[in-house]
Structures are given as C-alpha cells and as structure tokens.
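Residues per chain are reported as follows:
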Amino acid sequence: MDLTVGPIAFFWSAEQVRAFYRTLADTPVQRVVIGEWVCSKRLPFWQHEIPAAVEVLLAAGKEVALSTLTLITLKRERRQTAELFASGLPVEIADLSALKHLPEGAPFWVGPTVNVYNEGTLEWLAARGARRICLPPELPLESVAQLARAGQQAGVAVEVWGHGRAPLAISGRCYHARLHDRAKDSCQFVCAEDPDGRTVETLEGQPFLTVNGVQTLSYTHMSVAGQVDPLREAGVGALRLSPQPGDFAAVARLYACLLESGLSPRDALADLRRIQPGAIFAQGFLEARPGAAPCP
Amino acid sequence: MMELVCPAGTPAALRAAVDAGAHTVYCGFADETNARNFPGLNFSREELAEGVAYAHARGAKVLVAINTFPRAGDQVLWHRAVRDAADLGADAVILADLGLIAHAAEAHPGLRLHLSVQAAAANPDAINFYAEAFGIRRVVLPRVLSVEEITAINREIDVETEVFVFGGLCVMAEGRCSLSSYATGLSPNMNGVCSPASHVAYADVAGNHEARLGDFLIHRTPKGMPVPYPTLCKGCFTSPDGKGDSQTGHIFEDPVSLDATRLIPALQKAGVSALKIEGRQRSRAYVAQVVRAFRAAVEAADQGAPMPEGLLARLTEGQAATTGAYAKTWR
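First to last, the protein sequences are chains X and Y. As numbered in my numbering, the first sequence has no gaps in its residue numbers, which increase by one up to the final residue, 356. As numbered in my numbering, the second sequence has no gaps in its residue numbers, which increase by one up to the final residue, 1143.
In isolation and in its complexed conformation, chain X is listed as follows (with noise of 0.2 angstroms):
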C-alpha cells in the first residue's frame, strides 16, 4: 500500500501553492495530483504554478496526473478540461462528463468524487481505460474490500480516503459567496480568507462541516489510521491524503511510517493530534456508522 496526494481543495494564494509542493516533493508519496478541482474562477490566479510544480515533483519520483474540476458546467471549463488531455500527463476525472473528452484507449485515473459504488462501474471504466479508482469516501469496508478485489481483477488500483476533510457536496452555488451577501458571480473571491474552509457549526457550537465555495467538506479530519490493517487485507493499494494548512509533510511522513508498519494505529493517532492540534479525527464510514463518528 502507497500513498496519493490529492488535488489541493481549497483557494491558496500562488506562493503557498509553490512552497506546497516544493515541500511535498521531499515527503514519501508516491503520487500527486494537481488541479483546480473546486472553482475555476480561482484558475487563473494559480495556473502559472502548475508547470513548475509538475516539474518539480516528477524530478523528485512522483508519479502526477492533472485533475479536472468537480463540477464542470460552463463553456470554459469543458474547454479547460478537454485541454488537461493533450498535457501528456495522466488526467484524473473528477467529473464523469471528462470521458467525453478522453482520446480512444488514454490511461485516465478517477477521482473520488465520481460515483463508483460498484463492481460494474467500475469495470466499466477499466475497459474504458482507468488505471486508478480513489473511492467514494461514504463507501463501508464491506464495498471497499468488494471493489478492491474487482479493482484486482480489473487491473485497477483502488484508493481510500486516508486522510483529510472528506468531501461531501458540491453545489451550483457558492455559500463563501453567499455568507458574505454575494452571488458567485460577484463572489469577489472571498473563499481566499479561508485557507481551511470556513467552519459551520450548529446553534449548539458543535462543529459539524466545513464550507469551501461551492463545495461543503466535513468539519472533521478524516483518518483511516486506525484501519490501515484490514484495508491492506482488503486489497486496497493506497491511501488519499488531502492537502491542508500546517505541517502537511509531517501528516504524509507519518501515514508513510503507518504503512511500514513501523508504528501502531494508536501511536498514529496521536502523533497526528500533535500535528494538527484541535482537529478532531474521524472515521465512521468505513465501519457503516455516521462519517462524524470520531476516531477513538
């Protein structure tokens, strides 16, 4: 079992995205993807950052695929996303609507917002041409370990959610925009004042989700450290990390450690609420219960 850096969710100004991925490159990942994967109106402040990225990680080993938008609607994202394939790197789908674009018998991988609940989704897509499937992070371990072994059969690498705030909705609309009494389309990108999402609590302060645009994250940390185990029994071949603030390398040396086996699910856990004092680690999808179960 590896691990797969997802595409950064949230809107980061140039800079963090640059010393991001510097800092990555020299972390135990095997693989990156980038892209704008929330909003395209944030592109083009950020774009110009991707090349050197690329370059950067390749240099150091990574393997990198390019991610399209999760929600792809206008004329100039369908535009964007059918340009991600003439990159001559691996595209990662976010957006089922992608494959209109895939050129016959490219190598594509999928990301975990398209809908593979299945053995027949799944080998649908192998025959189409997916190499990996990062899962759907709702998905149980009873259907993860299913769609592992079709994975197996398919010739397909199937990923988890290992860590990171899950995504659970993408929306027409932008509720950064509209807590501040804006539309999108005057949203005057104020998503930006929030490098972690902007927190969403109930009237009793529980913490509860996270918004990021026209995407809602959960509040808490999705972490499967505690479930490395029967995944590798399962099948499973790596484990998504999702970018966030703070000491992102640290998070990535220490799944890396996990996966060694160099360090117990218990010890795992809190090293991470060392990393990332205050976030609350949770994981209840994987064992059918709410996803807002927290970790013990």
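Fair warning: there could be bad hints in the mix.
[As the list claims (entries may be wrong)] Which chain X residues stay away from chain Y? Per the calculated CB distances, all over 12 angstroms, these:
# : residue
1 : A243
2 : P290
3 : A330
4 : A352
5 : C355
6 : P356
[Stated by the list, open to error] Taking lysine to any residue and the SDA-like style, the derived pairs with C-alpha atoms no more than 25 angstroms apart in a straight line are:
#  : chain 1 : residue 1 : chain 2 : residue 2
7  : X       : K135      : Y       : F946
8  : Y       : K1035     : Y       : G1054
9  : X       : K135      : X       : P104
10 : Y       : K1140     : Y       : V1068
11 : X       : K160      : Y       : S1085
12 : X       : K101      : X       : A294
13 : X       : K101      : Y       : A964
14 : X       : K135      : Y       : A1013
15 : Y       : K1140     : Y       : V1017
16 : Y       : K1140     : X       : H240
17 : Y       : K1035     : Y       : V1017
18 : X       : K160      : Y       : N966
19 : X       : K101      : Y       : E960
20 : Y       : K1140     : X       : A243
21 : X       : K135      : Y       : Q1059
22 : Y       : K1055     : X       : K135
23 : Y       : K1081     : Y       : V971
24 : Y       : K1140     : Y       : Q1059
25 : Y       : K1081     : X       : L134
26 : X       : K101      : X       : K122
27 : Y       : K1140     : X       : V114
Bear in mind the hints are in silico, worked out from the structure with no lab data behind them. A virtual CB, placed ideally from N, CA and C, is assigned to each residue, including glycine.
Assemble the complex: chain X is given as a structure, and chain Y must be docked to it using the hints.
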C-alpha cells in the same frame, strides 16, 4: 405540449395522478433500488403491473426509477429491478449508476433509458457521453442550472431534457452528496434516503422546539412556531469568520421548496421536453391537486397564454418557495 411527469409513491397516487391529467407517472419498487426508499411507499411487482395497465388504458406512461447506486456484491438486486420493470411494461427506466446503465443497455436493448437527476449530468459533454455510450433518450437535468444554461445545453444535445418544476429542492448536485451519511450513516446514493426520519428527534428544551438529525441540532424555533423537518442542507447554523464575528442563518438554503410555475414558458422556449414534479412521498390528494394545476399550466404555455395565477397558492401556503438555480442570482 410539454410532457407532465408526476410522482406516484403508491398505487392510489398513481391512479390519482393519471386521473388528474398526468401524461406520465414515475414510481419505484419498494426497496433500496430507488431514491425514495421510505417505509410504506412504493410498488410491489404486482402493483406495478396493475399501475402500468391502469395508466396505459388511459393513454399515460409509467417510468420506473431505479436510481440509487447498486451496492458492491449485491448488484443483482438492481439488475432484477431493471429486468422486472422491462417485463412489466414500463415505458422507461430512470437510472443513475454508470455500471447499471451499461448493464441495462446491454441486457435490455429495447428498453428506453432515462438518465436520473442523481447522475448529475450538468453539461452537454456528460449528456452526449451517456447518449453515445448507452443510447440514453432523456436526461433529467440537475438543479444546478439556470434557464440560460438549459437553453444552451439543448442546442448541443439530441436527447430530450426533463426538469423539476415543483416540490422538494436539493441545493447540492444530486447524486453527489454525502451530507446525510455524514450525519446519519444513511445516504441517498447508497440507501435511497436523505436525512431519514429514523434519525430525527424532536424535543422541547428551555422554551424552544428543537429538531435533530443524528447528533446534530438542525433547527431551533421558539415555542408556538412550527419546527421544520430537519433536512440537513436547510438547517440553521452558525459560521464564525475567524475574526471574532459570525453569521447565523440558513447557510446553505432556507427551508423552501421549488416552484418554477412562472418559468414554464421560458423552459418551453429553452427546448425542455418534460416537466417533473417532485413528491413520491406525498399524499394522493396533494398529487391530484398539483397535477391538475400543472396540467392547466402546460396547456396554457402550449397556447402561449399567461400562466394561471394562484393555482398552487393553497399548497405552498405558509411555506416559502424559490425558483432555485433557474434564476442565476440564486447562486
């Protein structure tokens, strides 16, 4: 005339909808294969056969929604649902899962396939992909699009489009939302339920009514005020801005329902083939009333006459309505 596609949660609602002027009704089997998997709702195989006979005898069509995502290891349950819908004479099946669509196209080449809103096909590329790969004949458009965008989509595709005009409103792209399973462990995609009643609790606390979903408080209203059903995305929450200030309110959406009645002429002009009414969980009387009103509206639109005013006033009374994403400012 635009086709009116009406909900039938029960055989009685199916008959009521057909009698009230529905061109088409849609329903599902009584299990997790459809996205309204509620207790006491939906059809047995026998009831579907009777429903199809009733509708066909009166010139109406029946669509069967098999629009959850099959569980790994148990796909046969969903495959059987498609087979039975075909065998029982359904005019089309409404599907969301890629693998299930591929199966249906291969195993039942004569069966008409509609793409469920749960498939979230939000642009012409997605729709054309499904049309070319599987021969999809109609797409139910996700509720993230404006009328202008629907017009543009129709220019680039050859399949029919169907849009929601009335009833419950998802503010997230349908079929791509795990908010419900995050709070309760049960989701629309896996279990056919959102914010399920089994996880709802009401309580009176310190002079307030409270409605919870799982461990989370979704609504709190002063005593004497009605407390809405705790649908997660329509809840009242607080968001601290990190600088000492915070916003409290319906951060995702108010507890509103969709009413696009006044947009019917614009939707017709946009090239929409069919109008869909949400509400398989609703009573027979509600269905009959809404269907009658909308039948009058599509007839008026067909003749270029103004939309009949106040037809649905009684049904939406006391409850706010929105035209949702159809108006671009909603975003």
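Okay, the hints, checked on the actual structure:
At roughly 5 angstroms, the least C-beta separation between A243(X) and chain Y is not larger than 12 angstroms, which violates its mark as non-interface. Remark: the non-interface label on P290(X) is consistent with the geometry, its nearest Cβ contact in chain Y lying 16 angstroms away (cut-off 12 angstroms). With a least beta-carbon separation of about 24 angstroms from chain Y, A330(X) lies farther than 12 angstroms from that chain, consistent with its non-interface assignment. For A352(X), the condition that its CB be more than 12 angstroms from all CB atoms of chain Y is violated, with the nearest at approximately 5 angstroms.
Taking the minimum C-beta to C-beta distance to chain Y, about 15 angstroms, the non-interface status of C355(X) holds against the 12 angstroms cut. Its beta-carbon lying about 16 angstroms from the closest one in chain Y, P356(X) satisfies the requirement of being farther than 12 angstroms from that chain. About 24 angstroms separates the Cα atoms of K135(X) and F946(Y), which keeps this hinted pair within 25 angstroms; it holds. With a CA separation close to 32 angstroms, the supplied pair K1035(Y) and G1054(Y) exceeds the 25 angstroms bound.
Between K135(X) and P104(X) the CA atoms are separated by roughly 16 angstroms; this keeps the pair inside 25 angstroms, and the hint holds. Using a Cα cut-off of 25 angstroms, the hinted pair K1140(Y) and V1068(Y) holds, with the two alpha carbons roughly 17 angstroms apart. Between K160(X) and S1085(Y) the CA atoms are separated by roughly 24 angstroms; this keeps the pair inside 25 angstroms, and the hint holds. At roughly 39 angstroms between alpha-carbon atoms, K101(X) and A294(X) are farther apart than 25 angstroms, so this suggested pair is violated.
For the suggested pair K101(X) and A964(Y), the alpha carbons sit about 20 angstroms apart, so the restraint of at most 25 angstroms is met. Taking the CA atoms of K135(X) and A1013(Y), the gap is near 44 angstroms; set against the 25 angstroms cutoff, the hint is violated. For the hint pairing K1140(Y) with V1017(Y), the CA-to-CA distance comes to about 39 angstroms; that exceeds 25 angstroms, so the pair is violated. Between the alpha carbons of K1140(Y) and H240(X) the distance comes to roughly 17 angstroms, so the proposed pair stays at or under 25 angstroms and holds.
Proposed proximity of K1035(Y) and V1017(Y) is supported: the alpha carbons are some 9 angstroms apart, at most 25 angstroms. For the hint linking K160(X) to N966(Y), the alpha-carbon distance of about 17 angstroms falls within 25 angstroms, and the restraint holds. Pair hint K101(X) plus E960(Y) holds up; C-alpha atoms about 19 angstroms apart against a cutoff of 25 angstroms. Simply put, K1140(Y) and A243(X) have alpha-carbon atoms about 9 angstroms apart, close enough for the 25 angstroms limit, and the pair holds.
Taking the CA atoms of K135(X) and Q1059(Y), the gap is about 34 angstroms. The hint is violated against a cut of 25 angstroms. Distance hint between K1055(Y) and K135(X) is unfulfilled; the C-alpha atoms sit about 37 angstroms from each other, more than 25 angstroms. Of the pairs offered as hints, the one joining K1081(Y) and V971(Y) holds, with about 16 angstroms between alpha carbons and a cut-off of 25 angstroms not exceeded. In summary, the hint linking K1140(Y) to Q1059(Y) is supported, as the alpha carbons are separated by about 23 angstroms, within the 25 angstroms threshold.
Between K1081(Y) and L134(X) the alpha-carbon distance is near 21 angstroms, which keeps this suggested pair within the 25 angstroms criterion. For a cut-off of 25 angstroms, the pair hint linking K101(X) to K122(X) is broken: about 28 angstroms separates their Cα positions. Between K1140(Y) and V114(X), the direct Cα distance comes to roughly 36 angstroms. Violation of the 25 angstroms bound is thereby established for this hinted pair.
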